[in-house]
Amino acid sequence: MRPVAVIGVGLSPWGELWRSSLRDLFAQAALKAIKDSGAPRIDSLLVGCMSGGLFNSQEHVGALVADYTGLKGVPATRVESACASGGVAFRQGVLEVASGASDFVLVGGVEKMTDLSGDGATFALSTAADFDYEAYQGATFPALYALMARAHMDKYGTTREQLAMVAAKNHDNGLLNPNAQFKMKVSVQDVMNSVKVAEPLCLLDCSPITDGAAAVVLAPVELAAKLKKGPLAKVLGVGQAADAMALAQREDITRLEAAELAAQRAYKMAGKSPKDIDFAEVHDCFTIAEICAIEALGFCKPGQGGKFTEQGHTALKGSKPINTSGGLKSKGHPVGATGVAQIVELVEQLRGAAGERQLSKARVGLAQNMGGTCGSSVVSILGREGK
Amino acid sequence: MQPQRVWREIPQRYRLEAGQCRKCKKIFFPPRLKCPDCGGEAFAKLRLPTDGKLLTYTVVHTAPERFAKLAPYGLGIVELSNKVRLTVQIVDVEPEELKSGMPLRLEFRKIHDVGHAGVICYGYKAVPA
Ligand SMILES: [Zn+2]
Chain A
0 MRPVAVIGVG LSPWGELWRS SLRDLFAQAA LKAIKDSGAP RIDSLLVGCM
50 SGGLFNSQEH VGALVADYTG LKGVPATRVE SACASGGVAF RQGVLEVASG
100 ASDFVLVGGV EKMTDLSGDG ATFALSTAAD FDYEAYQGAT FPALYALMAR
150 AHMDKYGTTR EQLAMVAAKN HDNGLLNPNA QFKMKVSVQD VMNSVKVAEP
200 LCLLDCSPIT DGAAAVVLAP VELAAKLKKG PLAKVLGVGQ AADAMALAQR
250 EDITRLEAAE LAAQRAYKMA GKSPKDIDFA EVHDCFTIAE ICAIEALGFC
300 KPGQGGKFTE QGHTALKGSK PINTSGGLKS KGHPVGATGV AQIVELVEQL
350 RGAAGERQLS KARVGLAQNM GGTCGSSVVS ILGREGK
Chain B
0 MQPQRVWREI PQRYRLEAGQ CRKCKKIFFP PRLKCPDCGG EAFAKLRLPT
50 DGKLLTYTVV HTAPERFAKL APYGLGIVEL SNKVRLTVQI VDVEPEELKS
100 GMPLRLEFRK IHDVGHAGVI CYGYKAVPA
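Residue numbers (numbering that gives the first Met the number 0), protein chains in the order written: chain A, 0 to 386; chain B, 0 to 128.
A few of these clues could be false.
DMTMM-like mimics (lysine to aspartate or glutamate), calculated; alpha carbons at most 20 Å apart, straight line [what the hints assert, rightly or not]:
id	chain 1	residue 1	chain 2	residue 2
1	B	K25	A	D153
2	B	K33	A	E58
3	B	K82	A	D251
4	A	K195	B	E96
5	B	K25	A	E250
6	A	K195	B	E95
7	A	K154	B	E78
8	B	K68	A	D118
9	B	K52	A	D118
10	B	K52	A	E250
11	B	K98	A	D251
12	B	K24	A	E250
13	B	K52	A	D153
14	A	K34	A	D23
15	A	K195	B	E64
16	B	K82	A	E250
17	B	K33	A	E250
18	B	K109	A	D131
Here are some chain A residues the structure puts well away from chain B; computed CB gaps all over 12 Å [to be verified]:
id	residue
19	E15
20	K31
21	G52
22	E58
23	A142
24	K154
25	T158
26	V187
27	E198
28	L200
29	G236
30	I252
31	K306
32	Q310
33	G354
If you are wondering where the hints come from, they were derived from the structure by calculation, not from laboratory data.
Glycine included, C-beta positions come from ideal geometry on N, C-alpha and C.
Full structure from sequences and hints, please.
Structure follows, in structure tokens:
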């Protein structure tokens, strides 16, 4: 397998963007990434998109976005794994370059979510759960994560305040990110006083509905080193796993077993352990998700995610900064784009190009992306190579 | 919801039919063709007990359109007396009275009003035991 580097990154604007279509969003991010990469050509395109069909009555997204990115003729593949679509597309792209099948691969992610009403979007998202046995009964996504939150509180004594601290912290980070959708200060009290969605989760525990796209260009390290001056963002490891779709069928509702497995595989491939990770982007679709994710990644012991957050370890200036971008919570969550946008944040931090939110120590970063209630998860580890 | 989609789930929704792996005896609801634990492919049909306890719960305030009339409603994961777990609405109890560990019983109820094809969707809900 050839070592792989991320040589270009790009984001479209993120938000409620009535003027932008699915194809336009993708092309905006992709063209930026291609320009940033300096790649002489693109051999293959992968696009993470959860539900062009439900959100935009548009399937066959691979060919559509290839056409509008000026890449007619390349193999264009759409990858779907609910909210992990982008992260899974990234892993597929890495494997494609590593295998030698392609040299320059564009991996993008896109979701155009505001073409539907709020209820339509809620329905589309609910199809990432077990439709016949969860959504049929009246379970929404916030409701399923609320079940995890309650179980975590019952089992480990995690508090309502600790959940809110995740949101407050991520909004603090988002304030420093010019690309964030919701750049606003949110206090722990604001979160707890916001309207109840599915108890114990309130509106400000939930990530928003977002239109947006993200893209990266991958290349084998040997070619990347010839193209790019300065340090390279090298892919050190990728891992992916699936779990029971339905939350009720998991042995332990408080654990994200697919994320644990994906992390173990990524750590093994990278030859790293949790203590080697300087910073991470994790899938905080709900506040409880970040708490469970940092446990699954081994940053703290099972059950200690709330306390770890309360102690400030996950803050921008903490010992293990989590979601320096603002996370899904503040940056936004265009579901298919999220996993790719996490990689964009890692690369910007590794390059030292993260502006006001730049970490002083950013040599190894990790991204964790998940679909549904973690029926699938993918973990990628990137490192800065060279000077 | 088209009638055939509702109809084919009748054994599970009306009669709580599960599958028990003949090799390792583990019970699956809904039934499966292959046991994820032991790899067994032979299953016996079995009816789930209706008594259990509440493992974890939420009160849903922001509900999908077809459940909007019911909100706020209780939703939880119930562990039945044979350890099988399912996601259910919890009714005939005030949402603030829900408590992890409380004893519950499954009952046959209407789940949503009317699907797109005009069918009424039935199934199981949990009530305090
Ligand atoms: Zn078995």
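Hint check results:
A distance of roughly 27 Å separates the Cα atoms of K25 of chain B and D153 of chain A; the hinted pair therefore is violated under the 20 Å criterion. Between K33 of chain B and E58 of chain A the alpha-carbon distance is near 31 Å, which puts this suggested pair outside the 20 Å criterion. At most 20 Å may separate the alpha-carbon atoms for a hinted pair to count; K82 of chain B and D251 of chain A meet this at roughly 13 Å. For the hint pairing K195 of chain A with E96 of chain B, the CA-to-CA distance comes to about 17 Å; that is within 20 Å, so the pair holds.
With a CA separation close to 13 Å, the supplied pair K25 of chain B and E250 of chain A stays within the 20 Å bound. Restraint check for K195 of chain A and E95 of chain B: the C-alpha separation of about 13 Å stays at or below 20 Å, so the hint holds. Of the pairs offered as hints, the one joining K154 of chain A and E78 of chain B holds, with about 16 Å between alpha carbons and a cut-off of 20 Å not exceeded. Note on K68 of chain B and D118 of chain A: the hinted pairing holds, with a Cα-Cα distance of about 14 Å set against a maximum of 20 Å.
Of the supplied pair hints, the one linking K52 of chain B and D118 of chain A is violated, its CA atoms being roughly 32 Å apart against a limit of 20 Å. Note on K52 of chain B and E250 of chain A: the hinted pairing holds, with a Cα-Cα distance of about 16 Å set against a maximum of 20 Å. Straight-line distance between C-alpha atoms of K98 of chain B and D251 of chain A comes to about 19 Å, which keeps the hinted pair within the 20 Å bound. A C-alpha spacing of about 17 Å is found between K24 of chain B and E250 of chain A, which places the hinted pair at or below 20 Å, so the restraint holds.
Among the hinted pairs, K52 of chain B with D153 of chain A is consistent with the structure: their alpha-carbon atoms are about 15 Å apart, no more than 20 Å. Pair hint K34 of chain A plus D23 of chain A holds up; C-alpha atoms about 16 Å apart against a cutoff of 20 Å. This hinted pair checks out: K195 of chain A and E64 of chain B have alpha carbons roughly 17 Å apart, not beyond 20 Å. For the given pair, K82 of chain B sits about 11 Å from E250 of chain A by alpha-carbon distance, which is consistent with the 20 Å threshold.
Between K33 of chain B and E250 of chain A, the direct Cα distance comes to roughly 18 Å. Compliance with the 20 Å bound is thereby established for this hinted pair. Proximity of K109 of chain B to D131 of chain A is assessed by CA-CA distance (about 15 Å); at most 20 Å being required, the pair is judged to hold. The claim that E15 of chain A is not at the interface with chain B holds, since no C-beta of that chain comes within 12 Å of its own (minimum 18 Å). For K31 of chain A, the shortest C-beta to C-beta distance to chain B comes to about 35 Å, beyond the 12 Å cut-off, and the non-interface label holds.
The claim that G52 of chain A lies off the interface holds: its Cβ sits roughly 17 Å from the closest Cβ of chain B, which is beyond the 12 Å cut-off. The beta carbon of E58 of chain A is kept farther than 12 Å from every beta carbon of chain B, the shortest such distance being approximately 20 Å. The Cβ of A142 of chain A sits about 5 Å from the closest Cβ of chain B, inside the 12 Å cut-off, so the non-interface label is violated. With a cut of 12 Å on Cβ distances, K154 of chain A falls inside the contact zone with chain B, its closest approach being about 9 Å.
Look at T158 of chain A: its CB is around 16 Å from the nearest CB on chain B, clear of 12 Å, so calling it non-interface holds up. Even its closest Cβ contact with chain B, about 20 Å, leaves V187 of chain A beyond 12 Å, as expected for a residue assigned away from the interface. A beta-carbon of chain B comes within 12 Å of the beta-carbon of E198 of chain A; the shortest separation is about 4 Å. The Cβ of L200 of chain A does not lie farther than 12 Å from every Cβ of chain B; its closest approach is about 8 Å, which violates its non-interface assignment.
In this structure G236 of chain A is separated from chain B by more than 12 Å, as the shortest Cβ-Cβ distance comes to about 27 Å. Taking the minimum C-beta to C-beta distance to chain B, about 6 Å, the non-interface status of I252 of chain A is violated against the 12 Å cut. Look at K306 of chain A: its CB is around 20 Å from the nearest CB on chain B, clear of 12 Å, so calling it non-interface holds up. Listed as outside the interface, Q310 of chain A is consistent with that label: its C-beta sits roughly 26 Å from the nearest C-beta of chain B, beyond the 12 Å cut-off.
Remark: the non-interface label on G354 of chain A is consistent with the geometry, its nearest Cβ contact in chain B lying 35 Å away (cut-off 12 Å).
Checked against the numbered hints given earlier, this structure breaks hints 1, 2, 9, 23, 24, 27, 28, 30; the rest are met.
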